[in-house]
Every structure is written in structure tokens, then in C-alpha cells.
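**Q** Got chain A sorted already, so can you dock chain B onto it with the hints?
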Amino acid sequence: MSNSLSKYENTLERRDILKLLGLGTMAVATSSLINSDALATPDAATKHLAKLSGSSSYKSGKVKIKMPTIAENGATVPISVSVESPMTADNYVKAIHVAAEKNPQPQVASFHLTPLSGKANISTRMRLGKTQNVVAVAVMNDGSVHRVSSQVKVTIGGCGG
Amino acid sequence: MASKPRVKLPKSVKKGQVVQIKTLIPHKMETGRRKNKKTGKKIPQHIINKVEATFNGKPVITADFHAAISANPYFVFHARINESGTFKFVWTDDKGKSISTSRKVTAA
Chain A
0 MSNSLSKYEN TLERRDILKL LGLGTMAVAT SSLINSDALA TPDAATKHLA
50 KLSGSSSYKS GKVKIKMPTI AENGATVPIS VSVESPMTAD NYVKAIHVAA
100 EKNPQPQVAS FHLTPLSGKA NISTRMRLGK TQNVVAVAVM NDGSVHRVSS
150 QVKVTIGGCG G
Chain B
19 MASKPRVKLP KSVKKGQVVQ IKTLIPHKME TGRRKNKKTG KKIPQHIINK
69 VEATFNGKPV ITADFHAAIS ANPYFVFHAR INESGTFKFV WTDDKGKSIS
119 TSRKVTAA
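Heads up: the protein sequence lines correspond to chains A and B, in order.
Quick note: the first sequence uses our numbering, first residue 0, plus one each step.
Quick note: the second sequence uses our numbering, first residue 19, plus one each step.
Calculated directly from the structure, the hints in this document are not laboratory data.
Any given hint could turn out to be false.
Sample of chain B residues facing chain A (criterion: CB under 10 Å; computed from the structure) [stated by the list, open to error]: (1) 27; (2) 30; (3) 72; (4) 78; (5) 80; (6) 81; (7) 85; (8) 86; (9) 88; (10) 92; (11) 93; (12) 97.
Beyond 12 Å from chain A on every Cβ pair, some chain B residues (computed) [as the list claims (entries may be wrong)]: (13) 24; (14) 52; (15) 67; (16) 90; (17) 94; (18) 114; (19) 115; (20) 117; (21) 122.
Ideal placement from N, C-alpha and C gives every residue a C-beta, glycine not left out.
This is chain A alone, in the form it adopts within the complex (with noise of 0.2 Å):
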């Protein structure tokens, strides 16, 4: 009897190691899923745009970054800022909002717009410490807010200091 028990109870041994090595492997699947995430969208600049935008469930599409792959002078990096909309007073984009992932700070810039605008495409010129992700998030008038990000590398950063 003794003997059958043991078999019993190795057998249920046996399951719960394989339960367990089965939950192991899916905690560290998550785990490495979750740390790419996070490299892939510091908090800091997440935080401060979902600050500015008023949200922080996002769609994709409409908005588009351009910017070059590859910056050889991180001081004055071309950046363009488009968004898909009409604007016309029933339907247009009312900000823009811009955020460097890897500089000192998130902070780049904020665009207010209106429907004399035209058309929501702003360009400037901007500052890149190091190779990153720049975030541009589009708001619309009627709430919703759109993102994209763009990656570029730089060769030589301009952020001072």
C-alpha cells in the first residue's frame, strides 16, 4: 500500500514540477516582453505626453514623423509633423504634441492649432542627446489621440552639457 502511495504521490510530484516549469517559462516570456516595452517608451516621456494629451490610450495611424534615419549632428536634427485631417471648424487636429525618449529631458515642443491652420503639418529643427525614439501625438477636436514614433540615430549628440 505504502508503495502504491508513493507512486501516487510522485506522480502528482511530477505534475506540479511540470506545472511549475510551464509557469516559469511564462513568466519569463512576460517579463522580457514587459522590460522591451519599457526600453522601447522611457517613462518619462510617456508620462509627460499622456500629461499634455489628456490620455494614454492611443490609435495609430493619421500622424506621421519625418525626420532623418541618421543624424550626423545631434544640435539641429530636421523634424516634420503631419497629420491626416480636414481642418475645418467641425473636424481638425487641436494639438500636436512632441517628446524625446533618451534626452535630458522629454520636453521638445507643443503645437496649438486651429482651424485656420489649414493644414496640420508643423516642421522645425531639434536637439538629439543619442540614438532614440522621438513621440509625436496628434489631438483631435473631438478627443481622440493618435501616436507614432520614429527612431534615429546620432552620430554626434547636441544636447550640451
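**A** For chain B alone, coordinates are given in the frame of chain A:
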């Protein structure tokens, strides 16, 4: 604070036309992170933090700039022109000083 701003836009347009407006103002956009090499002290931040464009008193676009905007801030945007009138551009720095310029546009 800074010297003369530059603005480029057409003088005459068709009614309802959307035009591109290019602006640039000479300014060093001191980030506040650079150090004076002799004294080792940080050079305080001094940037242009606001650009406003209005047409006949109505707001067209406003930009808030931070230290991540390059020296001599260059800013290109668009405007729909429905009537003849005057564009006014105002640049304000973080010390509260401002510089403005205006341009007349005729719409036919």
C-alpha cells in the same frame, strides 16, 4: 534679446488658399546644461518658449518650445487665408521679453 526675425510667406493669394509660412529667429537657445569652461558654473537656461501667429487678431497656431529645440528656432506651418489682412508673429523668451513682426497679405 534676439535680432530680427525672418518670415517668408506669399503677398497675394487666392481666397481660401492654404499657404506655407516659414519663420526663423536668431537665438542661441541656451539649454541650461552647458558649463562655462573657465568658472565651471552652469550657464542658465535662456530660450524662446513661445511662438504665436495670428491673422487679423484670430489665432492661427501657437508653439511651445523647450530646450530641445535647436538654436535659431526654425518653424514652418500653414494657414488658410479667407480674406485680406495682416499676419502677426510674436516670439517670447523665458524672461518674458518678446519680439514681433507683421506681414500684409491680400486675398483675391
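**Q** Does each hint hold? Answer for all of them.
**A** Tested hints:
no.	hint	verdict
1	27	12 Å, violated
2	30	17 Å, violated
3	72	9 Å, holds
4	78	5 Å, holds
5	80	4 Å, holds
6	81	5 Å, holds
7	85	6 Å, holds
8	86	4 Å, holds
9	88	4 Å, holds
10	92	5 Å, holds
11	93	5 Å, holds
12	97	5 Å, holds
13	24	14 Å, holds
14	52	4 Å, violated
15	67	10 Å, violated
16	90	8 Å, violated
17	94	4 Å, violated
18	114	19 Å, holds
19	115	20 Å, holds
20	117	18 Å, holds
21	122	17 Å, holds
Taken one by one, the earlier hints fail for this structure at numbers 1, 2, 14, 15, 16, 17, listed in ascending order.
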